[in-house]
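Asks: Residue strings, one per chain:
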Amino acid sequence: MAIPGLAIKSFRNRKFTTGLTVLSIALSVMLLLGIEKIRQGAETSFTSTISGTDLIVGARSSPVQLLLYSVFHIGNPTNNISKHSYEDISEHPQVEWAIPLSLGDTHKGYRVVGTTTQFYQHFRFARGQKLQLEQGEWPGQTYDAVVGAEVAAALGYKPGDKIVIAHGSGDESFITHKDRPFKLAGIMKRTGTPVDRAVYVSLKSIDTIHQAYAGDVHDHDPLMAHGEHAGGKEQGGLSAILLGLKSRGAAISMQRNINEHDHEPLTAIMPGVVLLEVWQMMSVVERILMIVSGFVVVVGLFSMLIILMTSLNERRREMAILRSVGARPAHVFILIMGEAVFLTLLAIGLGVAMVYGLMVLMQPWLESSFGLYVVISWPNTTELMLLMIIALCGFVVGLIPGIRIYRYSLADGMTIKI
Amino acid sequence: MSYQTTVIEIADLRFAWKKQARPVLNIASLQVNRGERVFLRGPSGSGKSTLLNLLAGVTTPQSGVLTVLGQDLTALGSAQRDHFRAHHIGFIFQMFNLIPYLSVVENVTLPCRFSDKRKHKVLAQADSLEDEAIRLLDHLDMAHADVLHKPVNELSVGQQQRVAAARALIGAPELVIADEPTSSLDADRRTAFIDLLFRECGNANATLIFVSHDNSLVAPFERTIEFEQLNNAALTEQPKLKAIK
Chain B
1 MAIPGLAIKS FRNRKFTTGL TVLSIALSVM LLLGIEKIRQ GAETSFTSTI
51 SGTDLIVGAR SSPVQLLLYS VFHIGNPTNN ISKHSYEDIS EHPQVEWAIP
101 LSLGDTHKGY RVVGTTTQFY QHFRFARGQK LQLEQGEWPG QTYDAVVGAE
151 VAAALGYKPG DKIVIAHGSG DESFITHKDR PFKLAGIMKR TGTPVDRAVY
201 VSLKSIDTIH QAYAGDVHDH DPLMAHGEHA GGKEQGGLSA ILLGLKSRGA
251 AISMQRNINE HDHEPLTAIM PGVVLLEVWQ MMSVVERILM IVSGFVVVVG
301 LFSMLIILMT SLNERRREMA ILRSVGARPA HVFILIMGEA VFLTLLAIGL
351 GVAMVYGLMV LMQPWLESSF GLYVVISWPN TTELMLLMII ALCGFVVGLI
401 PGIRIYRYSL ADGMTIKI
Chain R
1 MSYQTTVIEI ADLRFAWKKQ ARPVLNIASL QVNRGERVFL RGPSGSGKST
51 LLNLLAGVTT PQSGVLTVLG QDLTALGSAQ RDHFRAHHIG FIFQMFNLIP
101 YLSVVENVTL PCRFSDKRKH KVLAQADSLE DEAIRLLDHL DMAHADVLHK
151 PVNELSVGQQ QRVAAARALI GAPELVIADE PTSSLDADRR TAFIDLLFRE
201 CGNANATLIF VSHDNSLVAP FERTIEFEQL NNAALTEQPK LKAIK
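Quick note, the sequences are listed as chains B and R, same order.
Numbering follows the working numbering, with no gaps: position 219 of the first sequence is 219.
Numbering follows the working numbering, with no gaps: position 134 of the second sequence is 134.
Hints may be right or wrong, so weigh each one.
Claimed, not checked - Derived CB-CB ranges, DEER-like:
1) B:ALA411 with R:ASP195: 34 to 44 Å
2) B:ILE306 with R:SER44: 45 to 55 Å
3) R:ASP127 with B:ASN13: 24 to 34 Å
4) B:LEU392 with R:THR191: 55 to 65 Å
5) R:ASP72 with B:THR382: 57 to 67 Å
To be verified - Selected chain B positions facing chain R (Cβ under 7 Å, derived; list incomplete):
6) ILE8
7) SER10
8) ASN13
9) LYS15
10) VAL292
11) ARG317
12) GLU318
13) SER324
14) GLY326
15) ALA327
16) ARG328
17) GLY413
18) MET414
Read the hints as simulated data drawn from the structure, not as lab findings.
Since this is a predicted model, take the numbers as computed values, not measurements.
Here a beta-carbon is modelled for each residue, glycine too, at the ideal position from N, C-alpha and C.
Starting from the given sequences, assemble the full structure and let the hints guide the process.
Replies: Right, dumping it as structure tokens:
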């Protein structure tokens with residue numbers, strides 16, 4: 001039929017303005033789809049901040065709190081786990097490995113984590129990736145430390161540097177363990193997880209400096225209440241334990257086991273479950289992002305509507321000519337409507353192409369800098385739904401000038417009034 | 001349909017834009033014969049455009065007889081009237097005759113996109129629509145390469161009107177209606193354009209209805225119709241617009 005050919009030629013004739021409209025809609029499609037992709041990537045990255053760990057054990061507290069301080073280094077444990085419980089648990093026949101974590105010290109605002117070599121061997125993140133060294137070597141001596149990539153980058157550290165850790169979690173701590181400096185053994189590769197922002201030392205060194213420190217306090221600072229340290233690191237307590245089990249299936253029974261531990265009140269959580277819970281708490285933000293990008297699409301479609309509407313008056317002449325050679329009002333309607341639909345589909349195609357292009361370009365960078373792994377795959381149902389909705393909106397937008405020109409062409413006939 | 005002698009037959013025709021409104025057109029009788037070249041003269045606003053819309057089947061009268069090429073237009077639905085127009089009538093407007101995004105040749109062949117009948121008529125004589133368009137343009141002295149490949153809005157007004165004439169004539173429609181086609185041309189070009197139109201209508205054996213308010217163009221036409229005499233619902237009977245003070 002004559003109309004599609006005419007629509008395409010008419011589009012080509014005004015390729016600059018229509019091209020800009022297509023671009024603006026395409027950009028909004030890209031934004032919407034890109035945000036959706038990043039959201040999915042962020043969710044996967046977030047929920048796989050820690051992987052391979054079947055259970056996290058801490059003193060009795062809320063699961064979210066335990067997750068936040070043990071994995072994200074946010075907040076503090078309300079209480080510690082005794083060495084005795086740690087030994088109990090780690091000797092359980094179902095336990096393959098146990099990583100003790102001792103929190104509470106800082107280095108220039110970064111968390112210091114006391115742990116054992118188990119951590120470097122068994123800790124996994126993202127899709128089961130191991131920790132790797134960027135420079136230096138894994139700690140061999142008691143007073144060796146390893147830092148995350150961000151710490152090293154921010155403080156300009158290199159292997160061999162001496163660092164001093166401070167008691168407490170404030171940025172400026174008055175009580176430092178200057179008498180026991182640590183030697184920086186290695187710098188880990190970027191993981192995109194909180195590991196990047198932490199300093200790892202041996203559990204033994206933490207215990208030792210705290211014992212010495214406790215003595216200091218009693219000598220020089222009688223005002224400091226002894227109770228503050230009761231059950232603290234001075235007694236070799238732990239903040240949390242990461243557990244790997246021999247079989248994943250045992251996680252639930254093991255969790256119950258630990259929760260009903262006789263020796264002291266403990267909480268065990270499955271990190272994946274709680275991570276998802278925390279993510280869902282943040283879903284408001286993600287919904288707001290989607291709404292904002294939805295509005296961007298609306299703005300893009302409005303600009304198309306404006307362009308189509310402003311062109312209508314000058315196109316009434318064109319429509320009268322078409323009518324005179326036998327075009328029906330319906331043809332005229334389809335011509336305008338078809339243009340809107342064509343522009344929308346073109347914009348969607350372009351937008352999708354741009355999203356995938358950007359993803360291919362930025363995937364490595366996103367993963368190394370933000371630990372954000374965006375999966376390049378066919379659009380899923382949500383994304384297809386979004387695209388369908390945009391196409392439908394373009395259709396509806398096209399109806400408005402379409403109906404208008406239909407009315408014009410009925411009223412004008414071939415009388416060109418302009 | 002091609003052998004009848006009466007091309008337009010109107011009797012007791014009444015047309016009003018709204019049912020209750022005063023009729024804009026009230027024509028007791030009008031007959032135009034095949035091959036006639038009719039000059040339809042009247043001031044603007046006298047209802048000429050309305051008559052053209054009726055002849056073209058864009059609108060229908062409230063009452064009366066309206067037969068074009070033996071076809072009772074009042075008996076046709078709007079889709080059939082649109083087809084009828086596409087098949088049998090060629091139009092030339094006052095100005096802005098061309099679709100800006102089509103080439104000269106595409107503009108000329110445009111009616112064939114909407115009418116298979118005219119397309120087949122063309123293809124019966126010529127190898128392709130483009131050949132016929134170029135043949136017509138050549139008759140109008142418009143087939144130079146530099147003209148053919150120019151964007152249509154870069155053509156002069158006179159050139160545009162000649163392209164429009166070629167479009168009205170392609171596929172040999174029986175009726176050619178020209179609505180003030182020369183008003184944007186200067187005096188020399190007017191006469192030349194009318195000569196051209198006569199020659200081509202003669203070649204195609206088409207009837208020409210030439211609408212204008214310009215008395216100086218009357219001479220070559222074999223028949224002149226004064227629109228104000230034709231239309232009993234003429235402007236003079238209608239209340240005048242109040243003068244703006």
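Asks: Could you work out which of the previously given hints the structure breaks and list their numbers from low to high?
Replies: Of the numbered hints given earlier, those the structure breaks are 2, 6, 9 and 10, listed in rising order.
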